[in-house]
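2 protein chains.
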Amino acid sequence: MINFQTSPDQYKHWKLKIDGPVAQLSMDVQEDATLVEGYKLKLNSYDLGVDIELSDAIQRLRFEHPEVRAVVVTSLKPRIFCAGANIYMLGTSSHAFKVNFCKFTNETRCAIEDDSRHSGRRYVAALNGTASGGGYELAIACDEIYLVDDGNSAVSLPEVPLLGVLPGTGGLTRLVDKRKVRRDRADVFSTLAEGLKGKRAKDWGLIDDSFPTSKFQESIDARVAQVVNVRSPENSQRPNENEPAQVTNLRHNGIKLNPLEFESSADTRNYKYVSLKLHRDKRYADLTVRGPESDLPTSPNEIQELGDEFWALRAFRELDDSLLHLRVNEPEIGLVCLRTEGSIDNVLAVDKTLVSNRDHWLVRETLLNMARVLRRLDLTAKSFFAIIEPGSCFAGSLLELLLASDRSYMLTDSDQKIAIAASELNAGALPMSNGLTRLQSRFLAEPEKVDEVLAHEHLFDTEGAEEAGLVTFAPDDLDWEDEIRLAIEERTSLSPDALTGMEASLRFAGPETMDTKIYGRLTAWQNWIFQRPNAVGPQGALTNYGKPTQAQFDYKRT
Amino acid sequence: MINFQTSPDQYKHWKLKIDGPVAQLSMDVQEDATLVEGYKLKLNSYDLGVDIELSDAIQRLRFEHPEVRAVVVTSLKPRIFCAGANIYMLGTSSHAFKVNFCKFTNETRCAIEDDSRHSGRRYVAALNGTASGGGYELAIACDEIYLVDDGNSAVSLPEVPLLGVLPGTGGLTRLVDKRKVRRDRADVFSTLAEGLKGKRAKDWGLIDDSFPTSKFQESIDARVAQVVNVRSPENSQRPNENEPAQVTNLRHNGIKLNPLEFESSADTRNYKYVSLKLHRDKRYADLTVRGPESDLPTSPNEIQELGDEFWALRAFRELDDSLLHLRVNEPEIGLVCLRTEGSIDNVLAVDKTLVSNRDHWLVRETLLNMARVLRRLDLTAKSFFAIIEPGSCFAGSLLELLLASDRSYMLTDSDQKIAIAASELNAGALPMSNGLTRLQSRFLAEPEKVDEVLAHEHLFDTEGAEEAGLVTFAPDDLDWEDEIRLAIEERTSLSPDALTGMEASLRFAGPETMDTKIYGRLTAWQNWIFQRPNAVGPQGALTNYGKPTQAQFDYKRT
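Those protein sequence lines, which keep their order, are chains A and B.
Numbered by the working numbering, the letters in the first sequence go through residues 1 to 558 in order.
Numbered by the working numbering, the letters in the second sequence go through residues 559 to 1116 in order.
Simulated from the structure, these hints should not be mistaken for laboratory data.
Backbone N, C-alpha and C define an ideal beta-carbon position, used for all residues, glycine too.
Simulated crosslink set (SDA-like; lysine to any residue; CA at most 25 Å straight-line):
(1) A:K199 / B:P1005
(2) A:K178 / B:T1071
(3) A:K202 / B:E1024
(4) B:K736 / A:L444
(5) A:K256 / A:Q5
(6) B:K757 / A:G469
(7) A:K556 / B:F562
(8) B:K814 / B:E851
(9) A:K40 / A:A551
(10) A:K556 / B:S833
(11) B:K1114 / A:T92
(12) A:K77 / A:L35
(13) A:K556 / B:G607
(14) B:K760 / A:L444
(15) A:K282 / B:P716
These stretches of chain B come out as covered by chain A in the derived footprint (C-beta under 8 Å, 3 or more residues):
(16) 651-664
(17) 736-747
(18) 961-971
(19) 999-1006
(20) 1046-1052
(21) 1091-1099
(22) 1107-1115
So that you can see chain A by itself, here it is in the shape it has in the complex (with noise of 0.2 Å):
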């Protein structure tokens, strides 16, 4: 069982040193500790498991450390930044491993830049050695590239001339997107499996700058320098609109992200505010959120008292957890049924704070976590349907839980309360890759329902749900347990790949970004080619990656 939780006391393949504002986060992977048998991690290459502590090390830097302004990430072997994904990992991965790996890690990229974008932090790319494939798809995911000029290092995407598959983790349109390179420009590097260094890999926009070996260091310093002095408190009177105003950050002390505890049995796993419960023989799990208790925080300084304990964060904190385990430890799992328990009044209350406080360093890092566990989810190559029952709390934050769901059943039941309910946090604050709220794409058809929903001051009971627009069906109580039994066993009966692809086209109407271009096109295009014999048959490239023997491929063009 793969276990995202780590903290850096257990890291084993990076270093995080905090220095006042700033951070450095270094890459010294270790060749043996695997996350699994079969393959060494030479060259700072990585699994997942090098990938999770990097994934944590950014978690732990926006919510433990805001006082950094700038993330230095290098390595600390000698003449190499980063060899990329094992290439002996996924040769001898299942598909479905390797398809969940690289969401994996284009999610922590992502959350680079949510990190970049959101929270004002600079990620500086220090590449002391040649950064290749994954390598270099972690520097893309940075704000700037700064590479040694040693006579050697370089900066590549090897994957089409060297594997036959594309680069996994956003590199292509990163490339094309993110750093604008022409396009044709893309196309020579993309297929040069040496790279490019020098004075064409900047002139071509494939890094900021190179230095020699003897002012790498001075240089990447000075650079930092800059940086966090313009986004020290002394320069807070100097507005300026590309650098987001977060240096309240550096008033304040980070909090502190315990281990999330959790108790599990064969079909259980149960956290503090998440449960899940396996149904394994009809291949599902209920996933329950539960709501805050009573006795809130309303104040900045309540929500940093009571730090990792704060409901806001926890849930989201187990929510993300839970939806790790599922995608990779339980891959049969084809549906979730989303639950919440708890009251309304409460989770209101929280969205209520966290909005009136959303300039908090806090209580921003905590939203932006909660939209990017929503995100996560979005994401999920699993269905989800909300079930809305007596007892629910589909209000506000959870409400996006219905909202993100494929579908939903709310209960018509005239002698019981079963509400659901909107909050500003339903606004804007969480968005979806594609930019648009979760309200904004489900009523793209008439968008003045966002507003009406929105505006409406009280809850929504079954009718009014539906009516709004809300709600796929609302069965009565004489047809609700065979109606949802029916849908899970229809729903778990239909092709897992078809249902993945359907979702994955579905959820996402509307505006595409370059998260969704990567999450979309490009995943899709490497989930196919990752299938194809030519790169994973016995004379695939994949296969024959470090063999004496060489690839063969069939040359017709699909």
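For this one, chain A is given, so just place chain B on it according to the hints.
Okay, now just chain B, sitting in the frame of chain A:
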């Protein structure tokens, strides 16, 4: 060998009837008139041969019948509109054929939408019976959908529940992006084999209305009369921004699209303006487009007189046919070297005439056709290198060939005149699927370069072209032969699947549109699913469709 040329007198599956401003395009598929053996086209199901006729009919409507304002798409079979792509055909086709088949049907649907958007013909789907799968996808490519209410006829997308694949002709994307069906309803609809009819289909936005059998024909007639009336010349005084001002069409006669003649041998195919030369052992082809001769038309009347002999129409029709031929009949050709021959001045003269007369219906249709052909090139799964040598004429409309290429090589030779040139046609008349011009897509990082290129009044010599960012490489005459040879050898040695995915990612930087979502996101997912054992394995759903055996799925979610 598959032939993409046809004409109404040869149609086996469609009837095209013109009655003044109304065309009726009726599907009446002949079961036994299949493209290859092994299946029967029952229930108006279709194979590529049926779609080639549809594509031809739409093209002829535009050029031969500009007076038509409304196109009724219907069926001559009782109680069935169209059952979609033939499943036994899909089940017995190679993966590459399936993918190319879907791409062509998608292009045909996009051509309907292009006609509606730019030429103001309104497509009315008159579903006199059930429209399932590709049948319903044809309907949602139309502007309006009316379904007979006979207690039985439904619209459906049964691919996911019945076949374990996706609707492959843009269905899912058009559901949520064009018709803006709520995503949870789209989810229900796309998993419901029997589909929906009547009131619910209308309430959910799947159809625009339904009429009882007894009133179906008169209701369609009434609606069509309304459409025609709004778009008639008498009403042209009432400008309406929702109604393109195409009424001038009515005052003109169409021109005849004659068969494209060509001479071919095993390795060549020579049309009047386009030549293909295949180097099969090296897996690449030279595709040469010849520019126009002198004695060019300068007025709409002269153009109308020339009819399909006009260079701008004929050359691009020949290019279109060549691309389709390469895609389907020459799968092992992985690289196409695009070359041009002729007079830059003549190309620019034609461009000038087109630009100054773009309000004339035939000029407009000629430009829209050029744009579609160039988009077909963008979407062709082959590598394209532009080769610019003395005597070439990459100018204006033909400069788009260079800009559409994955790379370009321009000879540096001080002894010979080698040049390229821009024209006003590079400024917007020939957009890519992403809505940008190819110059805009090229210069996302430096948008000011678009204007610089367009403002440049002279030809670009090699040095100027390189400086302007228009070419990738400019080898001198000593290196030229070797460099081109090596570039070709290197490109054709790479995995064709990885190249397809890479090119699909790099060619479409910037915004996404419904079209790019269909070709990028949806197509890529479908390609993946078309390879999965759950669809095409011995126990897959597509393989077992219609057999006594049932599909057995591996339920692991990926």
